[in-house]
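Q: Could you put together the complete structure from these sequences and hints?
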Amino acid sequence: MLLRHTPKEINQRKALTINPAKTCQPIGAMYAALGIHGCLPHSHGSQGCCAYHRSTLTRHYKEPVMAATSSFTEGASVFGGQANLVQAIDNIFTIYEPDVIAVHTTCLSETIGDDIPQIARKAEADGKIPSGKFVIHVNTPSYVGTHVTGFANMTKAMVDYFAQSNGKKIDQINIVPGYVEPSDMEEIKRLADVMGIRTVLFPDTSGVLNRPQTGKYEMFPKGGVTVEALKTTGDSMATIGLGRMASGPAARALDAKFNVHCEILDLPIGFKATDRFVDTLRKTAGTNVPDILNEERGQLLDIITDMHQYFYGRKVALAGDPDQLIALTEFLVSIDMWPIHIVTGTTAKKFETRIREITRDVPHPVNVSAPGDMFLLHQWIKNEPVDLLMGNTYMKYIARDEDIPLVRFGFPILDRIGHSYFPTVGYRGGMRLLEKILDVILDRQDRDAPEESFELVM
Amino acid sequence: MKVLKEETTNLGVEAIDPHEVKQELLRKVPTKVARKRAKQIIVNEIGPELEAQEIGANTRTIPGIITQRGCTYAGCKGVILGPTRDIVNITHGPIGCGFYSWLTRRNQTRTNGPEDENFMTYCFSTDMQEEDIVFGGEKKLRAAIQEAYDLFKPKAISIFATCPVGLIGDDVHSVAREMKEKLGINVFGFSCEGYKGVSQSAGHHIANNGIFTHVVGLNDNVKEGKFKINLLGEYNIGGDAFELDRILDDCGITVVSTFSGNSTYDQFANAHTADLNTIMCHRSINYVAEMMETKFGIPWVKINFIGAEAAAKSLRKIANYFEDPELSERVEAVIAREMPEVEKVREEVRARCEGKVAMLFVGGSRAHHYQELFREIGMKTISAGYEFAHRDDYEGRHVLPFLKVDADSRNIEELEVHPDPERFRPRKTAEDVERLAAKGFRFKDYDGMMREMPERTLVVDDISQYETDRLIDIYKPAIFCAGIKEKFAVQKKGIPMKQLHSYDSGGPYAGFRGAINFYREIDRMVNSQVWKYLKAPWQENPELAAKYACD
Chain A
9 MLLRHTPKEI NQRKALTINP AKTCQPIGAM YAALGIHGCL PHSHGSQGCC
59 AYHRSTLTRH YKEPVMAATS SFTEGASVFG GQANLVQAID NIFTIYEPDV
109 IAVHTTCLSE TIGDDIPQIA RKAEADGKIP SGKFVIHVNT PSYVGTHVTG
159 FANMTKAMVD YFAQSNGKKI DQINIVPGYV EPSDMEEIKR LADVMGIRTV
209 LFPDTSGVLN RPQTGKYEMF PKGGVTVEAL KTTGDSMATI GLGRMASGPA
259 ARALDAKFNV HCEILDLPIG FKATDRFVDT LRKTAGTNVP DILNEERGQL
309 LDIITDMHQY FYGRKVALAG DPDQLIALTE FLVSIDMWPI HIVTGTTAKK
359 FETRIREITR DVPHPVNVSA PGDMFLLHQW IKNEPVDLLM GNTYMKYIAR
409 DEDIPLVRFG FPILDRIGHS YFPTVGYRGG MRLLEKILDV ILDRQDRDAP
459 EESFELVM
Chain B
-16 MKVLKEETTN LGVEAIDPHE VKQELLRKVP TKVARKRAKQ IIVNEIGPEL
34 EAQEIGANTR TIPGIITQRG CTYAGCKGVI LGPTRDIVNI THGPIGCGFY
84 SWLTRRNQTR TNGPEDENFM TYCFSTDMQE EDIVFGGEKK LRAAIQEAYD
134 LFKPKAISIF ATCPVGLIGD DVHSVAREMK EKLGINVFGF SCEGYKGVSQ
184 SAGHHIANNG IFTHVVGLND NVKEGKFKIN LLGEYNIGGD AFELDRILDD
234 CGITVVSTFS GNSTYDQFAN AHTADLNTIM CHRSINYVAE MMETKFGIPW
284 VKINFIGAEA AAKSLRKIAN YFEDPELSER VEAVIAREMP EVEKVREEVR
334 ARCEGKVAML FVGGSRAHHY QELFREIGMK TISAGYEFAH RDDYEGRHVL
384 PFLKVDADSR NIEELEVHPD PERFRPRKTA EDVERLAAKG FRFKDYDGMM
434 REMPERTLVV DDISQYETDR LIDIYKPAIF CAGIKEKFAV QKKGIPMKQL
484 HSYDSGGPYA GFRGAINFYR EIDRMVNSQV WKYLKAPWQE NPELAAKYAC
534 D
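In the order they appear, the protein sequences are chains A and B. Just so we're on the same page, the working numbering is the position in the first sequence counted from 1, plus 8. Numbering-wise, the working numbering puts 434 at position 451 of the second sequence, and it's gapless, one number per residue.
These aren't lab readings, by the way, just hints derived from the structure by calculation. Note that the Cβ used here is the ideal one computed from N, Cα and C, for glycine as well. You may find that some hints are simply not true.
Said to hold, decoys possible - Pairs of lysine-lysine residues, derived as DSS-like cross-links and limited to a Cα-Cα distance of at most 30 Å, are as follows: (1) 22/A <-> 136/B; (2) 475/B <-> 141/A; (3) 138/B <-> 404/A; (4) 197/A <-> 280/A.
Unchecked claim - Covered stretches of chain A, as calculated for chain B (at least 3 residues, CB under 8 Å): (5) 12 to 21; (6) 64 to 70; (7) 86 to 95; (8) 100 to 112.
Unchecked claim - Computed footprint of chain A on chain B, listed as stretches where at least three residues anywhere in the stretch have a Cβ under 8 Å from a Cβ of chain A: (9) 37 to 48; (10) 54 to 63; (11) 111 to 119; (12) 467 to 479.
A: Right, dumping it as structure tokens:
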């Protein structure tokens, strides 16, 4: 038993978080910043944060993740980090030559109260920012929010710094894809593409964190949303934000600033959420849905009808980010599975209500906690076992101890591949998710079957 | 620069002038940075007195330079306390620090059974929120310790201070004292805020000082065994310590404690009952050996179990210390038993690896030790450097008296240690020491990495991403060793990258079986087929033979 000390009896904890289902803001900001073309994320604080964030993103994507740091020592912590940041900006533009430096703060620089825009102005006055290059920033104290809010804040900073309007609308739609994989961003672009809709997708980590092996290393690969494209977002016809927490702030900022109509939808995980996304795209752009999408949708539904017996009534425990869990829960409920234990580490106001609504017709009591941790999730499982776990790599300890199959979903996934190449959004993503769920459920059935009922055809 | 053109580098590394490479690494960086970096990039030349050149080390990382380094918290909680299983380690701070140091170093541990305590799979944090930063987090910390105690009843609880905790002035030590009193178990804190010091090395120091102050010497039970040692600076990555336990056990040598691979609280508590301290990673722990000698009278020797020859040499060194013919005989028997298989695999692998070139930029001893393994299969290390070492790790311990103590080092407490009135017991008399010395036995000695590296190799301290990139372009090594952050940028260049912090998926690499694992792993990596497929056939021969599609 790897989690041998986790008791079945649940006591209220007020101060101690055990096995968190979240991490801190700056890593989300760093991930989002990597979705700008030619951007080097910069962590303003002591160097450990940057090292940790890079390591975790690297382990998850198995790709180079570059970012610089202000490398605070005690002096900077006492006297402020201005000198460090100005020097960093100079070094970065001289040595690495990015188009954009995206600065995010850490709990250290936030606590001492460094004013990043003021420091950036100083760097500019000192001639440290070459013309045509940019320094953008976002405040991401780690003691506020989680990696999801960090992602949302950096995404909003893209609007704050770059979005413009010359008053003439362009035939394009902004899409804020939410805290999803590069593969998902690619799939979201493809869906719009096959509908013949021009989009600006930001951030866009496809082509950055799932790039091919070519024998060449490029610090700034061809992927990522360009500054030029970001500048046009103020004149787009509309913005679709996917995932309220991760994409809401940027989508609403465009609306507030430039009157760009915004629709905030769930992440398009599963057929219902994908339907809503496709339908919104169709209505907003005034186009028809091409047959290819009807076919994909039909294929997804076909799997559900064909394999319904393996989904129906299976109990599931989930941990992850609010936007993902809302969409995933809806998908599971729609195929008649029963998500009954759900935790997210992120405090999300409407999360619990939303999950309650979605699971209203599940014929089983449902536990939800936001915030909650994986220790609590494990305790719930001990009290009411489930057939399937879905969550990040850290769930593998629960999976082993309780002998429950695990489908890896969310962040971080440190021990499997695929997530950066194969989407889970859209109809095709839904097919892949079902394949993964069926694989573990059927493997399990094979493993547990007595010899006389071990069957070839399932 | 002529030397760095493609056609020259294709002639092989001998044709490359390392002095010119150094200039190339400095060419693009701003003048002030170049001046500092110049002191940290050394073309290795050992003087007639067998002295290495002076290298700039343990100095501040330059802001904006993409560095390999981590922070003090990472060194303290992640590296040193991470591998110990029965202490509840609570990170006092926002959630990130605790999350990132949760099981990410591949430290393995083996309990004595399902009932045995093991908290390594858990992550404990006070998950500080804004109001804790504004109003202070001591109250929450106190409550968290109480909750941890109520749930797990551990032997000990330790607390790690993160950056904001130091800034707002939460006193983790007074909370620890208070809760120790209240709960009746050992509770101790570490002021390991990330901004202290210039690298994770400061965190190792803080952790070791803490363990030495709060735990070592608390348990006087003497473990059975005739030859008792501590293994210092061994972290059981990928099971290294398990292999060492196996070998040492076969030799009849008892390991009282390992700092801190596969360790427990009680092992730390009676570490003072050992008769010899052996040091693997000089950087992370040499001062603990010094303090244990002063306080308890335990001598120390530098050993190295990375590399089969090195492992054999280290076993003999331990045997020589105990001056027991029976022990020496057993050690020889174990070496004789283990070596044939090692040699068999080595010869097999050598045929495919001989003459290939390696680069190692990692840790504070690993970049030195692993050169042994590469040498054994005929590979040359053309360039190496440490991520967080100090000058003595490069140049040898004789520079210790001359090291400047700068402001960043002064932040790390140096303990004043005196002989323990009850527990001090010199293991060797002055005559013993003299006699051993006359036989060539060297106590507390370490020559450093540079003296063991060939002339004209390039030693780079705290290497940056840019320098890594350039070095690879210039030398085109067969393999590059560093950490996870560097791994995929190197591999995208078509060069295999071996992690030497957490070994990727491999290990153990210590001891005899470890050497075999490493030989095979490097063979697999440098001779992998995949690097031949980087270009598709149409990229290699883009000319068209027919014109079907155009017609």
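Q: Now, for every hint given, state plainly whether the structure supports it.
A: To see whether the hints hold, each was checked on the structure:
Of the pairs offered as hints, the one joining residue 22/A and residue 136/B holds, with about 18 Å between alpha carbons and a cut-off of 30 Å not exceeded. Annotation: proposed proximity of residue 475/B to residue 141/A holds, straight-line Cα distance about 27 Å (limit 30 Å). At most 30 Å may separate the alpha-carbon atoms for a hinted pair to count; residue 138/B and residue 404/A meet this at roughly 27 Å. Between residue 197/A and residue 280/A, the direct Cα distance comes to roughly 19 Å. Compliance with the 30 Å bound is thereby established for this hinted pair.
Three residues within the 8 Å Cβ limit are the bar, and the stretch 12 to 21 of chain A against chain B gives 5, so the coverage statement holds. A count of 4 residues in the stretch 64 to 70 of chain A with a Cβ less than 8 Å from any Cβ of chain B is obtained; the coverage claim is therefore met, three being the minimum. Beta-carbon proximity to chain B at under 8 Å applies to 3 residues in the stretch 86 to 95 of chain A; the threshold of 3 is reached and the given coverage holds. Residue count for the stretch 100 to 112 of chain A with a Cβ under 8 Å from a Cβ of chain B: 4. That meets the three needed, and the coverage hint holds.
Interface restraint, the stretch 37 to 48 of chain B with chain A: holds (6 residues with C-beta to C-beta distance below 8 Å; minimum three). Check on the stretch 54 to 63 of chain B: 4 of its residues sit with their Cβ under 8 Å from a Cβ of chain A, so the three-residue criterion for coverage holds. Counting residues of the stretch 111 to 119 of chain B whose CB lies closer than 8 Å to any CB of chain A gives 5, which reaches the minimum of 3, so the coverage claim holds. Closer than 8 Å: that is the beta-carbon criterion, and the stretch 467 to 479 of chain B has 10 residues meeting it against chain A, so the requirement of 3 holds.
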